[in-house]
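Residue 209, in the working numbering, is where the sequence shown stops; the numbers in between run on with no holes.
Keep in mind the hints are simulated off the structure, nothing from the lab.
Glycine included, each C-beta is placed from N, C-alpha and C at the ideal position.
Please note that the accuracy of each hint is not assured.
Just the calculated beta-carbon pair ranges, DEER-fashion [stated by the list, open to error]: (1) 189 to 98: 48 to 54 Å; (2) 61 to 153: 23 to 29 Å; (3) 167 to 206: 54 to 60 Å.
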Amino acid sequence: MARLNVNPTRMELKRLKARLKTATRGHKLLKDKSDEMIRVFSVKLRENKRLRQEVEEQVSAVFKNFALAGGTTEKEKLLSAFSTPSTTLSVDTGWSSVMGVEVPKLAVSVTKGKHDYPYAFSDMTSEADYSIKAVNGVVEKLLALAEIEKTCRMLASEIEKNKRRVNALEYVMIPQLEETIKYISIKLDENERSNVARMMKVKSMITQE
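Using the sequences provided together with the hints, build the complete structure.
Structure below.
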């Protein structure tokens, strides 16, 4: 590991030791943060997988029921029945902090109409009823899935950045500082021994005189 290009002085040695202490403490904090972020990310990932599976199953059921309803109902009646929504969704967007990472937060509010279904029961089949009911539930889950998937992506990106910082400290900065401190300490010891040798020689010369 290449050492830093510095002057081997006691002042520089003191400064580098302070930097090493700060870098070591920073490395531990970043490592602890990285471990905790990975734990949180794992929890979010499992929740994302569970929610995605539920959404895919519900969407598949919705399409199946819509297809059945379309096969037993005139196209004009079908389009007319589904042109008026029975439920209104509003979404408030914001941000929340997860391990210091700003992630999106969606607050969904549901306003139901006067009737659960936007058509007369005599005009449509039971498959249409099942479709409407399933859609009302799956839209909220789709929004929740979008929120948690974005959170997972942002956490993964931050974990990668944090990992690079930890590696830079662990494999580059800290070894450089340690190598430089070792080099300066050796140079200072050599200078000390040289000074002692000179002083002893001068003392011997003065004694002889």
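To see whether the hints hold, each was checked on the structure:
Roughly 50 Å separates the CB atoms of residue 189 and residue 98, a value that falls within the hinted 48 to 54 Å. For residue 61 and residue 153, the hinted distance range of 23 to 29 Å is satisfied, since their beta carbons lie about 28 Å from each other. A beta carbon spacing of about 58 Å between residue 167 and residue 206 agrees with the range 54 to 60 Å that was offered as a hint.
Checked against the numbered hints listed earlier, the structure breaks none of them; every hint is satisfied.
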